[in-house]
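Participant: Top line first, the protein sequences correspond to chains A, B, C and D.
Just so we're aligned, residue 4 is where the first sequence starts under the numbering used here, counting upward by one.
Just so we're aligned, residue 4 is where the second sequence starts under the numbering used here, counting upward by one.
Just so we're aligned, residue 4 is where the third sequence starts under the numbering used here, counting upward by one.
Just so we're aligned, residue 4 is where the fourth sequence starts under the numbering used here, counting upward by one.
Quick caveat, the hints were computed from the structure, so don't treat them as lab data.
Watch out, some of these pointers could steer you wrong.
Chain copies aren't distinguished; within one or between two, either way the pair holds.
[Stated by the list, open to error] Listed below are the simulated DSS-like cross-link pairs for lysine-lysine, each with C-alpha atoms no more than 25 Å apart in a straight line: (1) K112 - K151; (2) K115 - K151; (3) K136 - K151; (4) K136 - K118.
Please read these numbers as outputs of a predicted model, since none were measured by experiment.
Protein chains: 4
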Amino acid sequence: MKSSQAAGVDPEFARRVRESFARQGLMAHLGAQLSVLEPGLAEIRVAFRLELTQQHGYFHAGVTGTIADSACGYAAYTLMPVDSTVLTVEYKLNLLAPAEGEELIARAKVVKAGKTLTICSADVFVRRGGEEKQCATMLATEMCLAGKTDHPRKR
Amino acid sequence: MKSSQAAGVDPEFARRVRESFARQGLMAHLGAQLSVLEPGLAEIRVAFRLELTQQHGYFHAGVTGTIADSACGYAAYTLMPVDSTVLTVEYKLNLLAPAEGEELIARAKVVKAGKTLTICSADVFVRRGGEEKQCATMLATEMCLAGKTDHPRKR
Amino acid sequence: MKSSQAAGVDPEFARRVRESFARQGLMAHLGAQLSVLEPGLAEIRVAFRLELTQQHGYFHAGVTGTIADSACGYAAYTLMPVDSTVLTVEYKLNLLAPAEGEELIARAKVVKAGKTLTICSADVFVRRGGEEKQCATMLATEMCLAGKTDHPRKR
Amino acid sequence: MKSSQAAGVDPEFARRVRESFARQGLMAHLGAQLSVLEPGLAEIRVAFRLELTQQHGYFHAGVTGTIADSACGYAAYTLMPVDSTVLTVEYKLNLLAPAEGEELIARAKVVKAGKTLTICSADVFVRRGGEEKQCATMLATEMCLAGKTDHPRKR
Chain A
4 MKSSQAAGVD
14 PEFARRVRES
24 FARQGLMAHL
34 GAQLSVLEPG
44 LAEIRVAFRL
54 ELTQQHGYFH
64 AGVTGTIADS
74 ACGYAAYTLM
84 PVDSTVLTVE
94 YKLNLLAPAE
104 GEELIARAKV
114 VKAGKTLTIC
124 SADVFVRRGG
134 EEKQCATMLA
144 TEMCLAGKTD
154 HPRKR
Chain B
4 MKSSQAAGVD
14 PEFARRVRES
24 FARQGLMAHL
34 GAQLSVLEPG
44 LAEIRVAFRL
54 ELTQQHGYFH
64 AGVTGTIADS
74 ACGYAAYTLM
84 PVDSTVLTVE
94 YKLNLLAPAE
104 GEELIARAKV
114 VKAGKTLTIC
124 SADVFVRRGG
134 EEKQCATMLA
144 TEMCLAGKTD
154 HPRKR
Chain C
4 MKSSQAAGVD
14 PEFARRVRES
24 FARQGLMAHL
34 GAQLSVLEPG
44 LAEIRVAFRL
54 ELTQQHGYFH
64 AGVTGTIADS
74 ACGYAAYTLM
84 PVDSTVLTVE
94 YKLNLLAPAE
104 GEELIARAKV
114 VKAGKTLTIC
124 SADVFVRRGG
134 EEKQCATMLA
144 TEMCLAGKTD
154 HPRKR
Chain D
4 MKSSQAAGVD
14 PEFARRVRES
24 FARQGLMAHL
34 GAQLSVLEPG
44 LAEIRVAFRL
54 ELTQQHGYFH
64 AGVTGTIADS
74 ACGYAAYTLM
84 PVDSTVLTVE
94 YKLNLLAPAE
104 GEELIARAKV
114 VKAGKTLTIC
124 SADVFVRRGG
134 EEKQCATMLA
144 TEMCLAGKTD
154 HPRKR
């Protein structure tokens, strides 16, 4: 991140992002936590549970993809204006190693922030016995919807 | 699918795939069901719950990605040999519309089956008031690990 | 394509797209031709030459990616307003088989047309001795820049 | 790259890779050069020509994708055994900025080297008036075909 980008950052970005994260029912259901949040950066962690496994007993790639996607979206959202919401346009995930361990950690950063589109990358690590091993990498395109609320619409 | 590919299909593919699906803790945690299974095809469905939402109250893209990924993996696995397991190498997901509705349905098919790698695509639909609307599309690369068990390793 | 989308198509879309194609120096350098153009659809063909090969003597994946990307961009551009230009945001290409043959053919279509973003897919075929074989598939995100010219800027 | 990976590197990797590059007709046709080659790393450069442009007069995304793909493939191939050839399974390219400048430079590295599959990333820069600006980023999956020649098959 260049400082010129950070210069225009909404001073209340952390509150805005954390409130959005708290509204995501899936994050609570997976037990995920937003552990780091800085302009252009976000980290999400989730502890191992049997409810999160694939057939061999490791973290399911769906959990890996979900926390990496949310981390990319929120890394991008830190740099977006107050009166906006963020949307994932698309992402690509490469799985590099079995996600076998006690905790899964997705670390995302903004690669290029634009007015409409922001490109992010994330690396995902699995912690096992005190050691972290990279198990996945993501490249994602996020979209800023200006003038739209990040809250659910009234029905 | 060409019939020449289907010709060599393991006659017990359905049992093998359904047992693997049943071992995925995440599928039960999301409430996902393997609703269709044929050689080269798989469909997974999940009903709406607040535990599956993103910040606007729709299905989270993580759920979309998870069931599309599992559907691609199992579509590929139907065509793999008895004594093998399947691994997702990578996938790319494009989100086309908000996933607002009562049920999310991922339909995957094999595009090209190979000895080591199988390429699959999936379309994801959201059902709302009796109508289905496409909300995502995926392109995925699956890998066959021959001679490896699909069960958890003994520890 | 739904007819509701086609309803608003610029009647002069073909001239607009063909002029843009003709300005792409790379298309001439590869010997590529825009062989089909309809609302939401584009096909690009290129004949085999040694100048287009990879190390085994087949069409280079770069040629495959280039004509598939251009076909996606122009399929999307057929549906964009008169006063706009098109930009590829990103694409993903899966190579399915060696591109060994006399001609390479990329067929692209619009999957979802939006005001800002349009999602396209393309299948690429290689023709050899009268038979076509699919050798690649692409998923691409295109962006409409409204109010911008598709011509080079004056310097 | 961990040194443990580099430890097993074919001592003649550079000759093997450069000979493969020299057989790619497309690289000569684009005027591309393999400017850096180390275990797990490759850089390819191409100078601006009108033959390489898109409709606005910048480098065509097809050129960006082509040299990034070749750089990823050759970065992976440096770490593969003597008696093998390399194949791109798939790649995803995000375009970050217009590629306006005198030279295009793709820098690729191995993210994870495996026996069968190797994951690479590449960043592409455009040089203009002495300054480099990133214009694209790629994530690619490469496959090692052991026991196969990298030369064209006899016919």
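Participant: Hint by hint, note whether the structure agrees.
Facilitator: Each hint, compared with the structure:
Proximity of K112 and K151 under a CA criterion of 25 Å is satisfied intra-copy only: 23 Å inside one chain copy versus 30 Å between copies. In this homomeric assembly, K115 and K151 come within 25 Å of each other (Cα to Cα) both inside a single copy, at 22 Å, and across copies, at 22 Å. Proximity of K136 to K151 under the C-alpha cut-off of 25 Å is restricted to the inter-copy arrangement: shortest distance 23 Å between copies versus 39 Å within a copy. When the C-alpha separation of K136 and K118 is checked against a cutoff of 25 Å, the pair qualifies only between copies, where the shortest distance is 18 Å, while the shortest distance within a copy is 34 Å.
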